[in-house]
Amino acid sequence: MAAKPIEGEKKVFVTGNEAVAWAALAAGAEIMYGYPITPQNEIMHYWTRIAPKYGKKFLQTEDEISAGFTCLGGVLAGRKAFTATAGPGNTLMQEPMSMAEMMRIPSVVVICARGGPSTATVIYSQQETTLTCYGGNGEGLRIVYSTANHQELYDYTIKAFNSAWKYRFPTFVLGDGYQSKMRESLVMYDPEARGIEMVESEPYVLKPGVPGSDRKAAHLRNTYNMEDELYEVIMELVKDFEKMAPEVVEYAVHDCEDAEILLLAHGVVSRAALGAVKLLRQEGLKVGLFRPITLRPFPQEELKKYAQKAKHILVVESAHGQLDKLVKENIYGITTPISPYFRPGVGVTVEEVIQEVKKLV
Amino acid sequence: MDLSANNKLNIILMRLLDFEVKLLDNPIVEAYIGEYASGKSEVAVNRALWLKGQDRKVTLADLDIVEPFYTLRPIKKHLEEKGITVLAWETKKTMGLGEAGNIIKPELRWVLKREGDIILDIGYGVEGAKTLNLVYGADNHQFLKVIAVLNCSRPMTSTLEDIVEFVKELGRVDGLVNNTHLGDDTDLDTIQHGAELVAKASKMLGIPIIATTAMDRFRISLGETDCAGNPVFYIKRYMPHTFW
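Those protein sequence lines, which keep their order, are chains A and B. Basically my numbering = 1-based index in the first sequence + 7. Basically my numbering = 1-based index in the second sequence + 3.
In silico PhoX-like cross-links for lysine-lysine, where the CA-CA straight-line distance does not exceed 25 Å: (1) LYS18(A) <-> LYS63(A); (2) LYS60(A) <-> LYS203(B); (3) LYS60(A) <-> LYS17(A); (4) LYS17(A) <-> LYS203(B); (5) LYS133(B) <-> LYS148(B); (6) LYS18(A) <-> LYS239(B); (7) LYS60(A) <-> LYS171(B).
None of these hints come from the bench; they were simulated from the model.
All chains, full assembly: derive it from the sequences and hints.
Next comes the structure, spelled out in structure tokens:
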């Protein structure tokens, strides 16, 4: 059996889905649970082609509810486990991930957002932003990384395993159909070779020792009898989440310091926005881009700083106001006008962003 | 002359005629297969356009029935304007593409019966290569060559061992194309590294190399042959326009 999936570093040409499969392997994932759905399929295809060579496992379940719950089972048994899905599959995945929030189960889920609502298209959208951040009957206590390219899919898939196991909240890598299928070069690496220490996994159940005398009994619950009991549990979860937030929040800024028009975009759309910023700056227009990388928790204070200084904010997304909602919630009280450029289920080009910015000048 | 003598003469004449056809105007019939995202369609499109440039009659057939992305559909009209016959679905005429799989366009079943050169673009890796079985006459066509496209920057075909193992999985392969690149990040070393690996694989497999491909911009630095002595086929990139 081969020793390590990637020794040192290796420059390759891949689709985004392959980048995820390789990253999960490099991160030490031991098992993937999944159910096929476009545009996610090649994460499973490549995992099942590569993983057996390294003694890793795969379980195909009967649907995404099962894929999510079996993934949680794998984690409870102490395995680094993950799953990946899209669209309607993401909807079904919310029930298990709610349980993961309640029971602090470090599951990793990769989302390849496609068009919605319902089956819609297999292609692309950013319409799973709200669902991925706040799906389920809870408070949205999860980490959501929104990636923009193949290198980030690789980097953040590795990071997702560490954040999940360190903070014990379900962790999502939110990509999309474009990123899944696009072909780009990237540098794959062994995290260890770059000094990234992988957080060790541990079982939640069947720990050594006698419960009650050698160790505390593992009492894993997602059911409570009393309102007060639940209230205490939730407040404890929220406290932990808020304590964690400043440690995991990530964002990227481009030309924001003196920006009069501040573009807000996440994921692959931020590439179009960045392209527009570069060209508009050449024309002497003071345009900047704020890109939240973590959508949960959201880089609230950082955005406020730039939003306050700008004269106008333009929210660009391939959804009808899902990022917009996050932005407004997080900069409440700031009176800078906000304009939308919403393209639900459709890609956004540099030219379109330039056109929208010029309407504001 | 008795009947049997007449028949014999006919047969001889037919053979001679057949020989002349072969000698002068054999159709070029090629099926491009290979690892997912190895560049099959790009090589197929460039080959079809090159043949058209030689003033030949060319049919290009899209036999990717799995992948809804990066197929010939979006550039169908563009290629037809260049004088190639393109057999491919129009995206808007498909239903639930990528969700429920796809069927081959009925005319593709008989594509090998067409006159002139025929280039088959067969998508989606080892499983996709089996689509060739749906084409009538593919198993005994006189001129058909099955060509495997290899990009050694693809992780699953990046070592000699992996390439040899992968090509064996593909079934029938008559020729290899070294299409090693890193997209926009390709440099001369990338191409030559691929040329070396594919040359070694070719020896181990006993399958000849048809060509190394390279973007036009390498024409001066790379020249007519790669480091292993194989001809370089210069290409333009059409497929980035075909994302969806």
